[in-house]
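Trainee: One-letter residues, chain by chain:
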Amino acid sequence: MEKIQTKESAEGLLEALGEQLATAAARFEIVVIGGSGLLALDIVERATRDVDIVALRSDSELRSPAPLPEALQVARDRVARDFSLPEDWLNTGPANLLDFGLPEGFAERLESRSFGNYLTVHFASRLDQIHFKLYAAVDQGPGKHSKDLEALAPTHEELLQAARWSRTHDPSPGFDQELRRALAHLGVDDGDL
Amino acid sequence: MEISSLEREFSERLLAFLWSQWAQMGMLASSSRKDAWAADPEALLLLTLEVAREDPRLFDEALDWFLVNERWISLQRLRNLSQDEEDRALAGAAIEWLSQWRRRTSTAPKKAKPGTEPEPLFLNAQLSVERPDPAFLAHGFLKPSTEPSRRSASPDFNLPINFAFRMRALLGVGARAEVARVLLTVEAPDMSLQAIAASCGFTKRNVQEAASALRAAGLASSWTLGNEQRFRMPREPWLQLLGIDRLPLHEDWPQLFHAFRVLLRWLRDPRNQELSSYMRASEARTVLEQVIDDLHFAGKPVSAAGPDGEDYWDHFTTVVRQLPLGLRS
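Which chain is which? The protein sequence lines are A and B, in order. When the letters of the first sequence are read in order and numbered with the numbering used here, they come out as residues 1 to 193. When the letters of the second sequence are read in order and numbered with the numbering used here, they come out as residues 1001 to 1329.
Treat the hints loosely; a few may be bogus.
[Said to hold, decoys possible] Each pair of labels, with its calculated beta carbon distance range: (1) A:R113 - B:T1203: 53 to 59 Å; (2) B:T1318 - A:N117: 47 to 53 Å; (3) A:S114 - B:E1117: 54 to 60 Å; (4) A:R113 - B:D1084: 39 to 45 Å.
[Stated by the list, open to error] Example chain A residues on the side facing chain B (calculated, C-beta under 7 Å, incomplete): (5) F83; (6) P86; (7) E87; (8) D88; (9) T92.
[Unchecked claim] Beyond 12 Å from chain B on every Cβ pair, some chain A residues (computed): (10) K7; (11) G12; (12) A16; (13) T23; (14) R49; (15) Q73; (16) D82; (17) L85; (18) E111; (19) G116; (20) A136; (21) G141; (22) S146; (23) E150; (24) G174; (25) Q177.
Just so you know, the hints here were simulated from the structure itself, not pulled from any lab data. Every value quoted in this text rests on a predicted model; they were computed, and no experiment measured them. Beta carbons: idealized from backbone N, C-alpha and C, even for Gly.
Sequences are here, hints too, so could you generate the full structure?
Mentor: Okay, structure coming up:
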């Protein structure tokens, strides 16, 4: 069930997470992509079931979020219990994006929000979300990712930039074929790729 | 409802309950109640030591009762029922106080454990403690030193509430009396050793020895169901022996009173007054989850599940306000 229905509900959960972390005196900065990030930045209005962490940030450096540090896990589990959410409502599903490389300039484009003194959430920018959504839409086929991509209303140039990045994550001929098909569907001439 | 209001209400209910119990057990106090249940003296004492931190008069009367009726109390059981550091500190101080006055000698004040600052025993105490009681100081509490009045009386063994003392008078202060009390009063035809041990406050091994001794004396019978040994005691001979029409009712006081202590300490903790609405509800959920097994063991139909987020606070206050203090409350 999609429990995170609105921007307000997403923010409410992150505020609760921030309060749990404050009680434990454990400070974290998390980098978020995906549907909850789109909600938070007012890019789309659709329900989502989770908050996807791609990285943790400390001293301006990004590092892998997996496995989640214990204090963050405890806080996450408390929020899950308190709001009847699945435990993976806050997860590190997209952590491998960090391993293969995030889009150039990703860290500089993050949009940051504080939820109390112990939690800062850095949301991926619209341009970076286009990268992730194009990759996911090609990888997983039509569905919520392609709808999100349409909602992001990417320009011709943004799509090409995203396509070049996504090919670095999956250089296989099959992916390339699907990528060109998707770009064509979005009105982009793949000759520029 | 604010935490402080809920704490005040819960504490007042518990204090009234405790006064009414002790009044039936020999403490210098009056109560019109005649409860049909059998009290658990050590469990009651342990709860009193915590709750009466807001009622110095009850605290001192309980110590006085303890001194006068020491022979009916199992110090080992009092220790066994102490489940956490706070319990152990309070029980340890009371036992040391007893030892101090039993000797009728004035001992040199002991110092608190190194590295720990003693805390006032009585909450909301306005005056500084000029002459701290050495027994309590040794356990980290500042309690004014007071002379026991020795005005407490022995329990009236004919009252149902004092059934435990009657069993102890017959079978000695120890596991046998507790096993007999539980087997005779619990509303079940028979019980496993594990269940008897949980109700008795003695180890399973002690309970097995005691139950086997009762069986050897022809007072109890047992059989094995799967891997489980189960015991029962025929009640008719006991009714005749004790000259009563009915046996008192059973309540799992150790579990119930442990839940009360945990809840009360949480409500009293000043740090919780500072929490946001959400964190207050979240912490309340945690503390209720912590005691829910005890409440269920004691047969209280309470649910730890409730509304999401800060709305849980209303569920928690309802649970605490409606918690039955005993079988008929």
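Trainee: Each hint should be assessed against the structure and marked as holding or not.
Mentor: Now the hints, each set against the structure:
1. A:R113 - B:T1203: 53 to 59 Å: Given range 53 to 59 Å: holds, Cβ gap about 55 Å.
2. B:T1318 - A:N117: 47 to 53 Å: violated (33 Å)
3. A:S114 - B:E1117: 54 to 60 Å: violated (36 Å)
4. A:R113 - B:D1084: 39 to 45 Å: Holds, at about 40 Å.
5. F83: holds (5 Å)
6. P86: violated (14 Å)
7. E87: Nearest chain B Cβ about 15 Å off; hint violated.
8. D88: Result: violated, 18 Å to nearest chain B Cβ.
9. T92: At about 23 Å, which exceeds the 7 Å cut-off, the nearest Cβ of chain B leaves the hint on A:T92 violated.
10. K7: Its Cβ never comes within 12 Å of chain B, the nearest being 17 Å, so this holds.
11. G12: Non-interface label on A:G12 violated, nearest chain B Cβ at 8 Å vs cutoff 12 Å.
12. A16: violated (6 Å)
13. T23: The claim breaks: A:T23 does not keep its Cβ more than 12 Å from every Cβ of chain B (closest is about 6 Å).
14. R49: Given a closest Cβ separation of 16 Å, the condition holds.
15. Q73: holds (16 Å)
16. D82: violated (5 Å)
17. L85: A:L85 not clear of chain B: closest Cβ-Cβ about 9 Å, inside 12 Å.
18. E111: holds (25 Å)
19. G116: violated (9 Å)
20. A136: holds (30 Å)
21. G141: holds (34 Å)
22. S146: Per Cβ check, A:S146 is outside 12 Å of chain B; nearest 32 Å; holds.
23. E150: Its Cβ never comes within 12 Å of chain B, the nearest being 33 Å, so this holds.
24. G174: holds (44 Å)
25. Q177: Per Cβ check, A:Q177 is outside 12 Å of chain B; nearest 46 Å; holds.
Checked against the numbered hints listed earlier, the structure breaks hints 2, 3, 6, 7, 8, 9, 11, 12, 13, 16, 17 and 19; every other hint is satisfied.
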